[in-house]
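S.K.: FYI, the working numbering numbers position 121 of the sequence shown as 1106, with every residue one higher than the one before it.
Capping the alpha-carbon separation at 16 Å, the derived lysine to aspartate or glutamate pairs in EDC-like fashion look like this: (1) 1176 / 1141; (2) 1176 / 1116; (3) 1176 / 1136; (4) 1176 / 1135; (5) 1129 / 1104; (6) 1070 / 1040; (7) 1122 / 1104; (8) 1034 / 1007; (9) 1122 / 1105; (10) 1176 / 1094; (11) 1129 / 1105; (12) 1129 / 1164; (13) 1027 / 1007; (14) 1027 / 1011.
Quick caveat, the hints were computed from the structure, so don't treat them as lab data.
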Amino acid sequence: LAGGDSFARAIAADLIGPNVREIRMDVPMTTACEPARAAYDKGAAEIAKVLETGENVACLCEGGPFFYGSFMYLNARLTNRFTVKVVPGVTSITACAAESGRPLVARNERLTVLPGPMDEATLRNRIAGAEAVAIMKVGRHLPKIRAVLDDLGLTDSATYIERATLPEQVVVPLSQAPEKAPYFSMILLTKGADPWL
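Please put together the full structure from these sequences, using the hints given.
M.R.: Spelled out as structure tokens, the structure:
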């Protein structure tokens, strides 16, 4: 992250030996493609240099590497030249559902995954037409998302989760959520009631 500490690295810190060489990538968290593209190009080039010597490289990524995971951009730059093994992770959606203690989808229900930064009109339309919803990357978009769910009469069906599985996690009904949300927060919404439950 641009000048910040890596959340993925913090999770694995106790497992990283003192003799491990690390390649740090500063990826700006912006909606503009070019700054991030340049960072991934630079990072992939540094990784390629190590791979060309015959050494292995492990890339840390929280959650699923191919589910909103930044690793997908490195993979696209390296997979045509090197063998890449992707290890699946526990996605934030399934972690949040487990921590909330509520089933996310059942039987024939469909799950819709939406990014919090989505514009309000599109967010409203997608939620209105969905059965179960996971809204990721809530962060500074919480007021907008909360207003949309209030307008749709869905606030009481929504659960707010921040920093799932970490010691400081918060899991509360959306109506009790704090005014400000960190980037690693999510809202889960289940509209239907499976008759088997």
